[in-house]
Each structure stands twice: as structure tokens, then as C-alpha cells.
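Colleague: Spelled out from the first residue to the last, the chains are:
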Amino acid sequence: MTDPIVNLWTAQQAGARPPSIAELAERARRFRNRMRISNLVEYGTGALGILFFGNIAIKASDWGVRIASLMIIAGVCIVIRNLWHRRPADDPAALARDACTHYRQLLVARRDALASVGRWYIAPFIPGMVAFVPANVLAQADTMPLSAALLNGGIGTAVIALIFGLVWWLNRAAARILTMEIATLDADPAID
Amino acid sequence: MAQIERGDAAQDRLYAQASAAYAPAIARLARAVEADTDRARDLEQDMHLALWRSLATYDGRCALGTWTYRVAHNVAATHVARARRGARFVSLDEADAILADDDPEAAIDETRLLTRLHGLIASLKPTDRSVILLYLEGVEASAIADIVGVSPGNVAVKVHRIKTLLASHFAPGAPA
Numbered sequence: 009m010t011d012p013i014v015n016l017w018t019a020q021q022a023g024a025r026p027p028s029i030a031e032l033a034e035r036a037r038r039f040r041n042r043m044r045i046s047n048l049v050e051y052g053t054g055a056l057g058i059l060f061f062g063n064i065a066i067k068a069s070d071w072g073v074r075i076a077s078l079m080i081i082a083g084v085c086i087v088i089r090n091l092w093h094r095r096p097a098d099d100p101a102a103l104a105r106d107a108c109t110h111y112r113q114l115l116v117a118r119r120d121a122l123a124s125v126g127r128w129y130i131a132p133f134i135p136g137m138v139a140f141v142p143a144n145v146l147a148q149a150d151t152m153p154l155s156a157a158l159l160n161g162g163i164g165t166a167v168i169a170l171i172f173g174l175v176w177w178l179n180r181a182a183a184r185i186l187t188m189e190i191a192t193l194d195a196d197p198a199i200d
Numbered sequence: 205m206a207q208i209e210r211g212d213a214a215q216d217r218l219y220a221q222a223s224a225a226y227a228p229a230i231a232r233l234a235r236a237v238e239a240d241t242d243r244a245r246d247l248e249q250d251m252h253l254a255l256w257r258s259l260a261t262y263d264g265r266c267a268l269g270t271w272t273y274r275v276a277h278n279v280a281a282t283h284v285a286r287a288r289r290g291a292r293f294v295s296l297d298e299a300d301a302i303l304a305d306d307d308p309e310a311a312i313d314e315t316r317l318l319t320r321l322h323g324l325i326a327s328l329k330p331t332d333r334s335v336i337l338l339y340l341e342g343v344e345a346s347a348i349a350d351i352v353g354v355s356p357g358n359v360a361v362k363v364h365r366i367k368t369l370l371a372s373h374f375a376p377g378a379p380a
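Quick mapping for you: the protein sequence lines, in order, are chains E and V.
Using the working numbering, the letters of the first sequence correspond one by one to residues 9 to 200.
Using the working numbering, the letters of the second sequence correspond one by one to residues 205 to 380.
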């Protein structure tokens, strides 16, 4: 005898109709457009950074600032490359894996991206930033007292360190939560 | 992506079969994991799109129903993981406590009973959520094991817990 709750459950949405192939094709087209726009925003932001520091590299009179700007541009290029390599794979067949395998891989991929954010997102900027701040302090010292230039440099360094530190810490904290979730999943005797 | 543009005839035929048989189940799954009506409808369409695209590589190694449920449940799991990041979910063993006395009148009112059931499903961990949803769809235990990736013995244990939970909190006249 069928459970009455099963009957009640399956009576919902009994008349649901699937979309037509044309509707699906249209949805796929819209999905690709959304991805293109998202990519454009992501890589466009990088391009703006390149333009900004490229302008400094061309116009700055101080060679230290110029070299530091070029190092930052190199860092932006590395991050853009890393983003490209880390973009989600378009593999519709992967969705046909069993639910536990899919969910575990989802968590692992997210955990790995968050845990390594320091290496692939923050680290490429560090050499350029480390070179830029003292070069900028020395350049500013030509037009203002050294103490004021040092103060500016100190504030700039503190703000950058705070932002990068916060990004790193938040991502590591989120990765730790996911690691615990993966461990719980692995410890579940029900899962093959 | 080229496969999508071509709209391969076999892929379309398989999709027509799968969607004709499982469109209501896909609609219920979307509404079980997403409370907002518009977002649930959107998720339902995403499930159909994912199913259609995935069928380009369907090789018959598992039943079409198993394939369809896997794709739909995996899209649902990805959606929940994204939408409810950081939320705490409970196992079937812990579900008894959250159902203690949340709506004593629910057992005599079908709408409230379903609302309560949706609440239970939303609070469950992904594996248990999939198992209860497939049980409610009337899927056989062996097929549930294949879809979820849990051993048949453990599906039997989980289904037993589900039946006990439903009988004690959702059956008419049951103490809530």
C-alpha cells in the first residue's frame, strides 16, 4: 500500500509541463550571454587596473615608481590568467554523477579555491605593492617633508595590508568550515 | 557548447522522454529546495536545461530515470550550496527534535502538512534531503542508492527512519 504522504506529495505539480527545445535553446543562449557579461566585468576590472598603472608607468618621472607599476601590471596579468584557469568547467555530463560524489566535489573545489586565495589572488600583487610603496614615498619626499611622505606611505601600506589580510583571513575561515563539512561527509558510514 | 547549437536529434528525443516522465518530479524538487516561487520556477528551468545538455553524453549505462534524477538533484544541491551558504543542516536522526511541536494542527490540514514537510526537507543535510525526496517520489530503494551514491543497506536504514519520522509527525492523528 502506498504511503498517503507519498500520494499527497506526488499530487503536487502533477500538471507540470517541460519547456520546449526552442525555450531551452533560448535559455542556453541567455546563460552564455550572462557568462560573457560576467567575464567582461571580471576581466574588464583587471584591464582598468592595467590601464591605471600603465598610465603611471608612462607618466611618472621616478623610475622606481615606473618599475613598481610594471610589477603591479604583471601581478594583474597573473591574476587574470589564474581566474581564467580556475573558471568553472563547462561539463554538463558531470552533473550525472551520483549525488554524494557531486556534492563532495562541489565542496572540495570551493574549499581549494578559498584556501589557496592567498597564493593565486593575493601573492601576485605583493611584489608590485612592496616595490610601489617605498618608491612612492621616495618620489613624494621630493615635494614634501620626508615625515609626511612616510606617513602617507604608512597609511597606504596599512590600508592595503588590512584589505589583503581581511580577504585572506575570511577566505581561510570559509575554507576551514568547508574542510570540516568534507570530513563529516567522509566520516558518514552511509556513503560508499 | 557546439552540441547545444546542433540540437542533436537523439539528445532531443531522450530529453522528450525524460521530461515527459519526470517534469512533475523536477517541479516538486525545485519547490522543495527553493521557497521563493519565482526562483523555484527559474531553478526548475535550470534543471531542464542541465538535463537537456547532459543528455548529449548519455550512454545508457544507467536508466534514464536515474540519470534524470541525478542531474536534477545535483543542480538542486549546487543551488542550495550557493543560496544557503553557511546554513546548518541536520541529519534524519536529529530531525525529530526540530519537528517536536512546530504545528500541532498540521496533521489535519494538507496544505499545512506539506508546508511542514517542506520545512523538514529544507533543514536536512544534502544526502538525507535527496533520500527523503526520492522516497516521496516513490523511487525504489535500489534506484535511490544508485542516484545518491549510498549503499542499498544504508538507504534501507534511512528509508526506515523516514517512515518512522513521517508516521510519528505527519500521519493524520499523529502527535505533532
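Hints are not guaranteed to be accurate.
As the list claims (entries may be wrong) - For each label pair, taking beta carbons as the anchor points, the in silico distance ranges come out as: (1) E:LEU170 / V:ARG217: 50 to 60 angstroms; (2) E:THR109 / V:ASP300: 27 to 37 angstroms; (3) E:ALA169 / V:ASP300: 27 to 37 angstroms; (4) E:ALA166 / V:ASP212: 50 to 60 angstroms; (5) E:ALA55 / V:ASP212: 55 to 65 angstroms; (6) V:ALA287 / E:VAL116: 13 to 23 angstroms; (7) V:THR315 / E:ARG94: 37 to 47 angstroms; (8) E:ALA166 / V:ALA239: 13 to 23 angstroms; (9) V:ARG245 / E:LEU170: 41 to 51 angstroms; (10) E:ARG40 / V:HIS364: 41 to 51 angstroms; (11) E:VAL138 / V:SER355: 24 to 34 angstroms.
Read the hints as simulated data drawn from the structure, not as lab findings.
For glycine and all other residues, C-beta sits at the position ideal for the given N, C-alpha and C.
Colleague: All the hints need checking, so say for each whether the structure fits it.
Modeller: Verification of the supplied hints:
The hinted window of 50 to 60 angstroms between LEU170 of chain E and ARG217 of chain V holds, with their beta carbons roughly 58 angstroms apart. Judged by the Cβ atoms, the range 27 to 37 angstroms given for THR109 of chain E and ASP300 of chain V holds: they are separated by roughly 29 angstroms. Distance hint check for ALA169 of chain E and ASP300 of chain V: the Cβ-Cβ separation is about 49 angstroms, which falls outside the suggested range of 27 to 37 angstroms. Range check, ALA166 of chain E to ASP212 of chain V: about 58 angstroms between beta-carbon atoms, so the 50 to 60 angstroms window is met.
For ALA55 of chain E and ASP212 of chain V, the Cβ-Cβ distance of about 37 angstroms falls outside the hinted range of 55 to 65 angstroms, so the restraint is violated. A beta carbon spacing of about 20 angstroms between ALA287 of chain V and VAL116 of chain E agrees with the range 13 to 23 angstroms that was offered as a hint. In this structure, THR315 of chain V and ARG94 of chain E meet the distance hint of 37 to 47 angstroms, their C-beta atoms being roughly 45 angstroms apart. One distance hint, 13 to 23 angstroms for the beta-carbon pair ALA166 of chain E and ALA239 of chain V, is violated here, with the actual separation near 44 angstroms.
At about 43 angstroms, the CB distance of ARG245 of chain V to LEU170 of chain E agrees with the hint of 41 to 51 angstroms. A C-beta distance of roughly 45 angstroms is found between ARG40 of chain E and HIS364 of chain V, which places it inside the suggested range of 41 to 51 angstroms. A hinted range of 24 to 34 angstroms for the beta carbons of VAL138 of chain E and SER355 of chain V is inconsistent with their spacing of about 54 angstroms.
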